[in-house]
Every structure is written in C-alpha cells, then in structure tokens.
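Asker: Given the structure of chain A, go ahead and fit chain B with the ligands onto it with the hints provided.
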Amino acid sequence: MVDVKEQINMNKKSNDVITLSVPNKPEYVSVIRLTVSGIANRMGFDIEEIEDIKVAISEACTNAITHGICEEENKFVVDFFTEEEKLTIYVYDNGKGCLSSNIKTPNIGELKEGGLGVFIIKSLMDDVEITSNNGKGTVIKMTKRVGDDV
Amino acid sequence: MALMINKKYNEQDQIWNLELSGEVDIYTVEKLKETFNKIIEEKKETIRIDANNLDYIDSTGLGVLIGAFKKLKIEEKTIIIYNIKPSIKKLLNITGLDKIFTIEG
Ligand SMILES: Nc1ncnc2c1ncn2[C@@H]1O[C@H](COP(=O)(O)OP(=O)(O)OP(=O)(O)O)[C@@H](O)[C@H]1O
Ligand SMILES: [Mg+2]
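Read top to bottom, the protein sequences are chains A and B. So that you can map any letter, position 21 of the first sequence is 511 in the working numbering, and since no number is skipped, the others follow by simple counting. So that you can map any letter, position 38 of the second sequence is 1157 in the working numbering, and since no number is skipped, the others follow by simple counting.
So that you can see chain A by itself, here it is in the shape it has in the complex (with noise of 0.2 Å):
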C-alpha cells in the first residue's frame, strides 16, 4: 500500500525527457502513436487529449518522413518533456528545411489533395512553433496542457 502511494506522489511531481531516435520508414509512425498514448495517459490527459495528441504527432512524423528526407541521416528524432500540467513533444529532421511560404491555411472549397497536416496540427495543439533552418532540416515544437478544453 505505500509503495502505491509513493508511486502516485512521483508521477506527480516528475520533469522528464523521453527522446525516441527513428528511423526514416512509414510503419514506425503507429508506433510513435503508441508511445505518446502511453506517456500522454501517464500524464493525465483525458482520451479526447489524448486522440489530439496522437493526431498532431502523426502529421509531424509523416511530415519529417515525407518531406524532410536527407541523404545521409536516415532518421528522425521525437522529445518528449512532461511537466505536471503540460507535454512539450519536437520533432526534428535533417531534411532540406521547409518554407514557411508552403505552409498555408487550407481552402477546403478548393479541394485540394494535401496541405492539410501542418493545420491540423495547429488545430489539436495548444502551441506549436515550426522552425527551419534552410538546408539544416526542421524543428516542430508543439505544446498540449493538461485539461485545457479549448
């Protein structure tokens, strides 16, 4: 019975990073939705935080794969930092860095195939930074906090 109550009082109060090192191949992507459920669920996020997470995540992985391929680095790296109230994940690759000029809101009138992801992620996410350095790859930063019913 202590022992339980010890557990429950550390999950509570533990600042932790997670980094996952994967490589550059489309089935890890369900795997990396696994791992945030699991950290995601640990942290308290209730199952609609959770979906979002798993969504928001996803696209970026698929983006880091898709579009930020390099020649010598076949991977892409996630971070996970858990805070008591919130979850900061980034998602780094070494691609060829990405214009902000190809990120656009969507037109749905206009149905477009594509051009979606990056607006889903800002959609499901509290905060979310995409920062590129021209040929140096991409960092995507996003942010969910813990019962924050937007």
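No farther apart than 35 Å at their CA atoms in a straight line, the calculated lysine-lysine pairs in the DSBU-like style are these:
| hint | chain 1 | residue 1 | chain 2 | residue 2 |
| --- | --- | --- | --- | --- |
| 1 | A | Lys612 | B | Lys1152 |
| 2 | B | Lys1157 | A | Lys565 |
| 3 | B | Lys1196 | B | Lys1162 |
Stretch-level coverage of chain A by chain B, calculated; a stretch enters the list once three of its residues show a Cβ under 8 Å from a Cβ in chain B:
| hint | region |
| --- | --- |
| 4 | 516–525 |
| 5 | 600–612 |
No wet-lab data here; the hints were simulated from the structure. We put the beta carbon where it would ideally sit given N, CA and C, even for glycine.
Answerer: For chain B with the ligands alone, kept in the frame of chain A given last:
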C-alpha cells in the same frame, strides 16, 4: 497497425459499400488509394463508407478521400461516411470536410 478494407458493390442501389477497419496512416494509405482507384475505375458510383471500426485516419488518408471525391463529383456522385468515431468526426470538422462529404449518423 493494419488497415482492412471490405468492398462490395450493391447493384440495386448502384452504390459501393466500403468497410474500413484499423488505421489509415502514411504506412497503410497506399492500400486505401489502390482500392479507391480500382473501384472508381470499375464503376463511378457513390461510395458509402462504414467507419465503425476505423480507429484512425490522417491527412494522407483524407487526401485520398478528397481525390476520390473529385472524380466522383464530375458524375454527380459522392462519398458518404457513417458510424464515425468522435476523434475522426473532430478531424472532418476541423478541416471542413464534413461539409464536402455526406456524413450520416
Ligand atoms: N519536416 C518538413 N521538412 C520540410 N518541409 C516540410 C516539413 N513539414 C512540412 N513541410 C512543408 O510544409 C508543407 C505543408 O505541410 P502539411 O503537412 O500541412 O501538408 P502536406 O504534408 O503537403 O500534405 P498532408 O499533410 O495534407 O498530407 C509541405 O508540403 C512541405 O512543403
Ligand atoms: Mg503533412
């Protein structure tokens, strides 16, 4: 995680019935694309998707649906989706696709 697709053409209603189970993401999307291309080539009729067992769809999957819808629209056919899980409904809502496709239930 896998994607399973069950397709059946209903002669009487002139409609494709498609049952999707599992997850559509960058790994499984090719399979979805192939199926859509194939059935539209066979018969350009409305596609009715049972999403009861569809757990997940990402932007690449939505892109395939948009592509298929564009081809059907020319013939005044459409895409109907029903039995949608809340998380997927939210996605259709955010992207405005709930106003493009016919959402039932
Ligand atoms: N990691 C990345 N590296 C380089 N360019 C990127 C990266 N992520 C996004 N981009 C650029 O931003 C654009 C918009 O990305 P977004 O995810 O919104 O759409 P998409 O990937 O083209 O299509 P969809 O996500 O709907 O399948 C991409 O087309 C690409 O040009
Ligand atoms: Mg994308």
